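Protein chains: 2
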Amino acid sequence: MEKERIGFIGLGIMGKRMAANLLAAGYPLVVRSSRDETRQFFASRKAAVVQTPEDVARLCDIIITMLPDSPEVKEVVFGTKGIFGAVRSGQVYIDMSSIDPASAKEAAEKLAEKGVSMLDAPVSGGQEKAENGTLSIMVGGDREVFERCLPIFSAMGRQITYIGGSGAGQIAKLANQVIVAVNIAVVAEAMCLGKKAGVDPRRIFEAISGGLAGSQCMTDKAPRMFNGDYTPGGKLVFHVKDFKNVLKAGSEFDASLPLTSLVMEMMEELLKDGFSDIDHGGIAKWYEKKNHVSLISE
Amino acid sequence: MEKERIGFIGLGIMGKRMAANLLAAGYPLVVRSSRDETRQFFASRKAAVVQTPEDVARLCDIIITMLPDSPEVKEVVFGTKGIFGAVRSGQVYIDMSSIDPASAKEAAEKLAEKGVSMLDAPVSGGQEKAENGTLSIMVGGDREVFERCLPIFSAMGRQITYIGGSGAGQIAKLANQVIVAVNIAVVAEAMCLGKKAGVDPRRIFEAISGGLAGSQCMTDKAPRMFNGDYTPGGKLVFHVKDFKNVLKAGSEFDASLPLTSLVMEMMEELLKDGFSDIDHGGIAKWYEKKNHVSLISE
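First to last, the protein sequences are chains A and B.
Everything in the first sequence is counted per my numbering, starting at 54 for the first residue and increasing by one.
Everything in the second sequence is counted per my numbering, starting at 54 for the first residue and increasing by one.
One chain only, chain A, in its complex shape:
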């Protein structure tokens, strides 16, 4: 069976690597980018390079976007020379951006009027997993459409989970982000308690990370805290963006989010202090400031 032609819009740090994996898997690819360098990168790999999202939609069976947030997605889909101007029945639109679930649902409904199926398929995992094709992908939309697109997802990710109807992928991603930020924050809270009490946080880490307190966040982020290394990884400013979407969804669905709200305040304080571009593990800096201590230890 011939492989479906895929259009990819949003070739940033993540998107570029994901699109490259689609090329490597043998998918004919159409891209659009405002950056010369990106256009050359894909042109030299035999992808078709076009001018507008509308052009992408005209040429492809499947259209994928990987964009910063809801407004960018809306612009690319429904804006001037957007995808919406050229879509036709039978096409599939996959949004792999992390956006708010309500916007995902709304776009899916509008596209359905033209016979286009939309999947929301946000990812977790950073640049390295994008490069290695080992992202986690959480998918919302029709199950049959999901199954049709599974080979495409498999070219970009490893843990690929069908969550439920339209918007459900975004909800799973938000749940993920809530847990990650709070798990990071509580590691910092516990380690700062130790530090203030005169105990070496590294010893605490050693004692407890293998037990019930253990978490991937502790394993990944506590050593960064002890080294003061907040090279991103997942940038704090993006986590704040996701948390805005969490709080929007929380308000829409009337969900109680006290831990989320508290950690959001910490992150917003950090942004005000100029820490937008550090790793989200840098939530520890909020605790260091409040406690007048440093978690850096030998």
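These are calculated hints, taken from the structure and not from any lab test.
Values in this document were obtained by computation on a predicted structure and should not be read as measured data.
Keep in mind that a hint or two might mislead.
To be verified - Listed below are the simulated PhoX-like cross-link pairs for lysine-lysine, each with C-alpha atoms no more than 25 Å apart in a straight line:
1. B:K294 <-> A:K249
2. B:K288 <-> A:K249
3. A:K342 <-> B:K163
4. B:K163 <-> A:K249
5. B:K301 <-> A:K249
Knowing the structure of chain A, use the given hints to seat chain B on it.
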């Protein structure tokens, strides 16, 4: 080398199993208990059974306690017919209870005046790990005394970590408890968001538990939430007891504990609602009540 005679006081669910492991490892054991059944259990296994903590101290080189909280430890050590009345230079007192670090330090100082070394050595892991001798043990006190006692700890636990000076073991235990309760709470917060948004929390669990959001608490407690199974495990009322000690230490050391304070409020509401004896995973019940949803799913 002949094995040192160990006295064990506090033969509850945990202590009984820990003492039995010391017997199994060949340590001569002296116990004191107010319960007939417990006295018979140990007498039939060739342990000496005596009447008072003072008697235990008179007969043993090493005295271990495993008691509910600081007041019980103070009573057994410094109360009428307490250990303190009979201790002599060269003995070691190991308190394996989870108590507040200040009380541990204070007891250590008083005992030092009589030439007795004290270790604070709280454990993590429940009944099953106590039974299998696979507890995690976090130890504060003199390093040399810790090393002398390592074979004793090895009979009861697997992950045995020297944390630092007197009280440091208790600090590590409190750090552990902070992380555990908050990690449980945020799993419930994220899953309830999913539920309110119409998404099956089990799918979210499946999608995210292998990634950065993954934690031992999620692995152990989320399935309990989905089954409504809060058989303890670690009882909520004991976690509240530990959190009182966290907040006491936080106030003593001027540490900022916003997540701890928030989850303490949730747990105290649950105690008021009559949930003292459920597993600490039952923090999910706070979210279920606030959100008017159930996390139980097929």
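These are the hints, each one checked on the structure:
1. B:K294 <-> A:K249: Roughly 21 Å between the alpha carbons, so the hint for B:K294 and A:K249 holds.
2. B:K288 <-> A:K249: violated, 28 Å
3. A:K342 <-> B:K163: This hinted pair is violated, its Cα atoms lying about 36 Å apart.
4. B:K163 <-> A:K249: holds, 24 Å
5. B:K301 <-> A:K249: holds, 13 Å
The earlier numbered hints that this structure contradicts are 2, 3.
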